[in-house]
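S.K.: This is what each chain is made of:
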Amino acid sequence: QKEVEQDPGPLSVPEGAIVSLNCTYSNSAFQYFMWYRQYSRKGPELLMYTYSSGNKEDGRFTAQVDKSSKYISLFIRDSQPSDSATYLCAMTGFKTIFGAGTRLFVKA
Amino acid sequence: EAGVTQSPTHLIKTRGQQATLRCSPISGHTSVYWYQQALGLGLQFLLWYDEGEERNRGNFPPRFSGRQFPNYSSELNVNALELEDSALYLCASSPLGSYEQYFGPGTRLTVT
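Which chain is which? The protein sequence lines are A and B, in order. Quick note on our numbering: the first sequence kicks off at 30 and runs consecutively. Quick note on our numbering: the second sequence kicks off at 4 and runs consecutively.
Excised from the complex, chain A in its bound form (with noise of 0.2 Å):
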């Protein structure tokens, strides 16, 4: 079993629609939960992070974190093309893991 899970994709939306991204993971020791955004041929950048259970809002992004169930996703509303992106989720703890990415298109 992966350590963390998350699929490719790639997912297509409409422009304002209401986007869902989501990853599990299979070890409790994990504490702190990030979010990245990678543009094609570019670093990832930090979109957010949380440490304990429960929702984190910042702007058109929530993050949300469930540690009884090991599952993170993060929300962003009336998206716009300019999300198009590939997103990963990490978790550390003990060690940092990355999942392997979403790639994410929003339609104009």
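For the record, the hints were derived by calculation from the structure and aren't laboratory data. Each hint can be trusted.
Calculated lysine to aspartate or glutamate pairs in the EDC-like style (CA-CA distance at most 20 Å, straight line):
id, chain 1, residue 1, chain 2, residue 2
1, A, 124, B, 54
2, A, 124, B, 53
3, A, 71, B, 88
4, A, 99, A, 34
Given the coordinates of chain A, assemble chain B onto it according to the supplied hints.
M.R.: Relative to chain A, chain B alone:
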């Protein structure tokens, strides 16, 4: 505030040669991480340096090595290059005691 910088942007080498990649962390950050991102394989952890010491390394052969300098900048060396070493090499930094990693733009290494 300047972000993480990496040089060179692109590097082309032939099989068997050595490659040296460089990284300057964000000012005040003491930890530097190196990752390999090969096409379709996601981010693979290579090395973690903190306060000049190697703290952890990923599942890569010893020909992947590096060091961190007193000013916290870092160098990744890859010896005896193989074709499958072709990838984007990313450096990230984080401040003392923090888990957030901030990435540079990467160095694209092509081995022919």
